[in-house]
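K.L.:
When the letters of the sequence shown are read in order and numbered with numbering that gives the first Met the number 0, they come out as residues 0 to 456.
Treat the hints as calculated values from the structure; they're not laboratory data.
You may find that some hints are simply not true.
[As the list claims (entries may be wrong)] In silico BS3-like links for lysine-lysine, alpha-carbon gap of 27 Å or less:
#: 1; residue 1: Lys455; residue 2: Lys365
#: 2; residue 1: Lys132; residue 2: Lys44
#: 3; residue 1: Lys54; residue 2: Lys44
#: 4; residue 1: Lys406; residue 2: Lys44
#: 5; residue 1: Lys406; residue 2: Lys54
#: 6; residue 1: Lys232; residue 2: Lys132
#: 7; residue 1: Lys362; residue 2: Lys406
#: 8; residue 1: Lys293; residue 2: Lys406
#: 9; residue 1: Lys406; residue 2: Lys365
#: 10; residue 1: Lys124; residue 2: Lys54
#: 11; residue 1: Lys376; residue 2: Lys365
#: 12; residue 1: Lys54; residue 2: Lys376
#: 13; residue 1: Lys44; residue 2: Lys455
#: 14; residue 1: Lys365; residue 2: Lys293
#: 15; residue 1: Lys362; residue 2: Lys376
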Amino acid sequence: MPPSLRPRSALALLAQLAVFALVPGCGGDPALRSARSGDFPGLQKELDARASSGKLDDGLVHEVARAVLEHDAERFDGDEGARRTWSLAGCARPMQDTLARLARRPDEIGATAAMVLVDADLEAKDHFTDAHKDDPLPRWRAVATRGLIDREESALRASRSRDDDRWVRLASVQAAGDAGCPDDFPVLLDAARRDPDTMVRIAAVRSLDRVAPRLTEGTPRADLVDRLLDLYKGGDEPLRGAVARAWGSPSLFEVGGRRELLALVGNAFGHPSVEAASALMMGGATEGEIVLAKLATEGDSEVRAHAIRLLDPSRPAHLDVLESLLQESDPQQPGRLDDPRAREIAAETVLRTPEPLLAKAEKGPKVRAAAVQALQKLAARADRLGVDAAIALAEAGDATAHERLLKELAIPSPMRPRVAAALVRLGFAADTRGLLASGDLDVRDAVACQVLVTHKR
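Sequences and hints are given; from them, build the entire structure.
P.N.:
As structure tokens, then:
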């Protein structure tokens, strides 16, 4: 070979070797090779060795989580595979390329992957519409229907709203909301009133709210408020909550929505009243703030929990309520039962508020410290409440939760993905390695998905 060609050949060889190193199973990190090839015992061994030597960093854990999901997703099959594909919605963005590959399949798994991409705004709503508008598979037809967002497609949306498949009907009312076309008004009302599926009825109410800004000012919007009242009277609790939120929207609040919400909070009963009070508060009505505080301290425990979560710690009256809820009841004090669950939810509500915003309140730092203290005490419990408290502490960056979370991670339970995410949040991603290498596909994929979208606080 002429000498002048040798350097070029050497460079070409180096480039070729670099390509081979990127191919799964042909080089690169041993842990990633094991994950990509499905050698989970080998993955466990490699991760344990890295952890023992202090070389298992958060970056590698995230890459392993991605590799695990990529390996498993390519092997999804049948109805179970479609369910597993749907579970990737929680980590759709980092799994976008894998989902796009799955969406090329003509089966239920392909359709589910396509819907995940569309719902996550990673593909245009109408990206799959032309290719699957008349697909024999209902799930693909639903994906196509989701993209019927042009005004001239209102008749097809109406037809699809009566489809036998609930996913197609759901897609049709969601598409109507995206289209924002007044022509869909009667179809959405009918779906909200008559559809046998609660999820479709609620989606129809939400879409009516989205169509409202396109209605002519005044009477048509006021008429929608009245129509929603009819729906409220005949609806179940989830539908009533959706109606209350719609009345609180900017398009309907001042044309009758405020009036109906005030009537609802006058009863101050049940979950719809909580939604009504919150909507009033967001609309600027002081009555909403007052009633929400009342609902957080009286009545049914589930309704109270709902109201506590919607309290706004930046409002002095609500901060007072939260401070009171954080205090343990004195056993000697008559008339008040201790409620650890309300205390845990109140602490979460306080700690969700950004510290700078809370610091503006005179006693904001004091209440935040009380919330942390309450959670630390609750985290010592051996039940579900203790786990919730430890996770909330981790979200707040409190490392005292570490040991409690480790104990929970060793127990087979549906809480493990959330626990794993909490450990990542605290900076202990390496502690999740055993579940990422689990022989149980459901466990490792659920944990991997959580790990992939969670980063150190």
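K.L.:
Hint check: Lys455 vs Lys365, CA-CA at most 27 Å. Holds or violated?
P.N.:
With Cα atoms ~26 Å apart, Lys455 and Lys365 stay inside 27 Å; holds.
K.L.:
Just to be careful, I want the Cα atoms of Lys406 and Lys365 compared with a cutoff of 27 Å; is the pair within it?
P.N.:
Between Lys406 and Lys365 the Cα gap is close to 30 Å, so the pair fails against 27 Å, i.e. violated.
K.L.:
Compare the distance between the alpha carbons of Lys406 and Lys54 with 27 Å, and conclude whether the hinted pair is satisfied.
P.N.:
The hint holds at about 23 Å.
K.L.:
Lys232 and Lys132: Cα distance at most 27 Å?
P.N.:
violated (36 Å)
K.L.:
Does the structure keep Lys132 and Lys44 at a Cα separation of 27 Å or less?
P.N.:
Given that 27 Å is the threshold and the Cα spacing comes to 49 Å, the pair is violated.
K.L.:
Checking one constraint from the list: CA of Lys44 to CA of Lys455, max 27 Å. Satisfied?
P.N.:
With a Cα-Cα distance of about 25 Å, the restraint between Lys44 and Lys455 holds, given a limit of 27 Å.
K.L.:
Does the alpha-carbon distance linking Lys124 and Lys54 stay inside the 27 Å limit?
P.N.:
Outside the cut-off at roughly 43 Å; violated.
K.L.:
Within a Cα-Cα threshold of 27 Å, do Lys362 and Lys406 meet the stated pairing?
P.N.:
violated (35 Å)
K.L.:
Within 27 Å, alpha carbon to alpha carbon, are Lys376 and Lys365?
P.N.:
holds (17 Å)
K.L.:
For the pair supplied as a hint, Lys362 and Lys376, confirm whether the alpha-carbon distance does not exceed 27 Å.
P.N.:
holds (21 Å)
K.L.:
Does Lys54 pair with Lys376 here, judged by a C-alpha cut-off of 27 Å?
P.N.:
Not OK: Lys54 and Lys376 at ~33 Å, beyond 27 Å, violated.
K.L.:
Would the pair Lys54 and Lys44 pass a check requiring their Cα atoms to be no farther apart than 27 Å?
P.N.:
holds (14 Å)
Hint check: violations occur at hints 2, 6, 7, 8, 9, 10, 12; the rest are consistent with the structure.
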